[in-house]
Every structure is written in C-alpha cells, then in structure tokens.
Amino acid sequence: MRNSDPVEYYGEALKKVFDAISDGMFGNRDELVQLIDTIRNRNDYYLVCHDFYSYVKAQEEVRI
Amino acid sequence: MAELHSELLKTTLFKDFYELFPKKFQNKTNGVTPRRWIACANPELAQLYTEATGGRDWLVNLEFVKQLNGKEKDPEFRKSWYEIKQKNKKRLAKWVYKNTGITINENSLFDVMVKRMHEYKRQLMNVLYVIHRYLQLKDASPLERSKAVPRTVMIGGKAAPAYYNAKLVIKLVGSVSAVINKDKDTKDLLKLVFLPNYSVSNAEIIIPASELSQHISTAGTEASGTSNMKFVMNGCLIIGTMDGANVEIAHEIGQENMFICGAKVEEVEKLREKVCKSF
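In the order they appear, the protein sequences are chains A and B. Numbering that gives the first Met the number 0 puts the first sequence at residues 0 to 63. Numbering that gives the first Met the number 0 puts the second sequence at residues 0 to 278.
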C-alpha cells in the first residue's frame, strides 16, 4: 500500500494541526478535511508540509 | 517578471528559443510607484522621508531613501516613525471593525498577508501556522503566555470564481477565526481576521499599517510579486521565501531585514520527486 506512513512526511506538529481540523475543532469538518487532504494525502505539489518547519522557525525569530 | 523567473524560463518554458536566440532574452523586474504607495497611501511617512532626506527627490528616485540609513539611532526620528505607524494601525483597526465587526488590539503585532488567493502563494501554510500557534498557546502556562507577543494575523484576497480550493482556504480562515477570536485564554494574544474585498483602495489602508508581511510562495512559482515592494516602502518587515522579487528585495534591503524560510528554487524539483515517492 502506498501512503503507509504519511506522518513521516508531514511531521508531529502538523499532525496536531491536521488532527484539530479533522476532529472538528473549527467546524465545517467535511470541507476543511477536503482542503487539508490536498496536501497530506496527495502530492503536496507546493511543498507546504516541507516548508512548514522552516517557516515556523522564521516566525519564531519574529519578536518585537 | 523578477530575475529569478526570467532565468527559470531560459531553462524551462523557452529553452529552445533561448538556445536559438540567447541575446533576445533580458530581464525587467516589475515595479510599483512610491507616489501611490508612499505619498498617497501614507502621506505622513512621505513627509518624514522628505524631512529626513532633505528634499522630495526620493519621489522620483527611491535610491534617495538610502539617506535614512543611520536614522534608526536618532530618538526623534524613531518617535515620529512609531507615531506614524501607530496612527496607521488605528486607521486599519477602525476599517477592520467597520468591515468585519471584529475588534483588534492596536498594540498587537500586525501580521498581514494580502494577495490573490492561490495554492502556490500558500495562504494555507499561514493558517496552519496560526492553528499551530493557537494550540501552543492553549497548552502554555500563564507565565509562558505572558511572554508571548500579541499578534493579529490578517489574511485578505479574492479567489477566482471557479477556483474551489482557493475558496476553501477562505472558508478555513473564516472557520478558524470564528473559534480563536472567541477563546478567552488566547484572544488577547492571537487573533485571525479575514480582510474582505481586497482592492487597491483598501490596500492603501492596509499596507501602511502592517508590521510584518508574508510572501511565502513555493520557490520558483511567483513570477515577481509587487506587494512585497509596497510593504517594504512603508517600513514593514517581510517573512518570505527566496522567490520572485523577494530575492531582489533581500539584495537591496539586506537579508537582516527579512525573515527568510523555505526551500530554494534549485531544491524544489528534487523535493517534489521525493514527495511523490514517499506516497
């Protein structure tokens, strides 16, 4: 089976975020799951999951 | 388009033409005018630029603003700069209240991402980070929370009528914003707002009030992008990827004035292959 361990690809922090959405924390579950599925279960063509972690790092440098 | 994109076209889309007629290829990066984006949108900052550089030459040749270098140590200049930013933030906060009914903290960090809604621009990554930050704040102790810088994240833009995924991103912004803006534990520290009807007129209110702006497209996808220039002109810091005109802006203003993240353009192809194989 393909897609045996997607968590390995998108990592722990994103897993928490995806779980919050699929658990319905923000409502509109069906539509929002459909949206995140475009990056976690199919080809993440725009590399959102890959760049997310360096993005978080850059965001943490932002302190005023 | 930006230099990066012109180079990219030589090796991809127009490869054959480039081999035949290499001399016909030259670059002109897109631009915006300081007359509209400083003088019209932010007249008080324009006045400050004029006083500090000793003339209005910067209006026709932006090179003149380099004379502001060193002024960051001048307490009086800093005070005027701060007051202008605060005024613009107040103006935007009013606009936000009028158009969305959401009250935002004028003393929070204004983190703005306004542009067409598109997957390559990755507004989605921004919202995922907001959720990540929200979950972190929820878990944090009161002491840790007291150390956090309050932030208002604003996302605005239009989606093409049939672009379903782009519309879903707007739906996500709305859904997340409805939950976190009401949460008593975090609402003073983190808010998310969707700015409706993004247009030039509204941009003239939004951009001068911004302190951090996001330009986080996947490397190699943004032909140029010009709002990054508008933000920089108004003294706003950029968090962004090495894509489009960001590359040239980093060169002009110095990487120390930007928060750079993400894959480089030459890594993207390999990473995509890896992603496909891992699935």
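Since the hints were derived computationally from the structure, they do not count as laboratory data. Quantities reported herein were computed from a predicted structural model and do not represent experimental measurements. Don't be surprised by glycine CBs; every beta carbon is placed ideally from N, CA and C. Please note that the accuracy of each hint is not assured.
Said to hold, decoys possible - Far from chain A, some chain B residues (derived; all Cβ distances over 10 Å):
(1) Glu18
(2) Asp56
(3) Leu58
(4) Glu118
(5) Leu134
(6) Val178
(7) Gly261
(8) Ala262
As the list claims (entries may be wrong) - Among chain B residues calculated to face chain A with C-beta under 8 Å, some are:
(9) Tyr17
(10) Leu19
(11) Arg121
(12) Leu211
(13) Phe258
Status of the hints after comparison with the structure:
no., hint, verdict
1, Glu18, "28 Å, holds"
2, Asp56, "31 Å, holds"
3, Leu58, "29 Å, holds"
4, Glu118, "6 Å, violated"
5, Leu134, "6 Å, violated"
6, Val178, "5 Å, violated"
7, Gly261, "4 Å, violated"
8, Ala262, "6 Å, violated"
9, Tyr17, "25 Å, violated"
10, Leu19, "31 Å, violated"
11, Arg121, "6 Å, holds"
12, Leu211, "6 Å, holds"
13, Phe258, "4 Å, holds"
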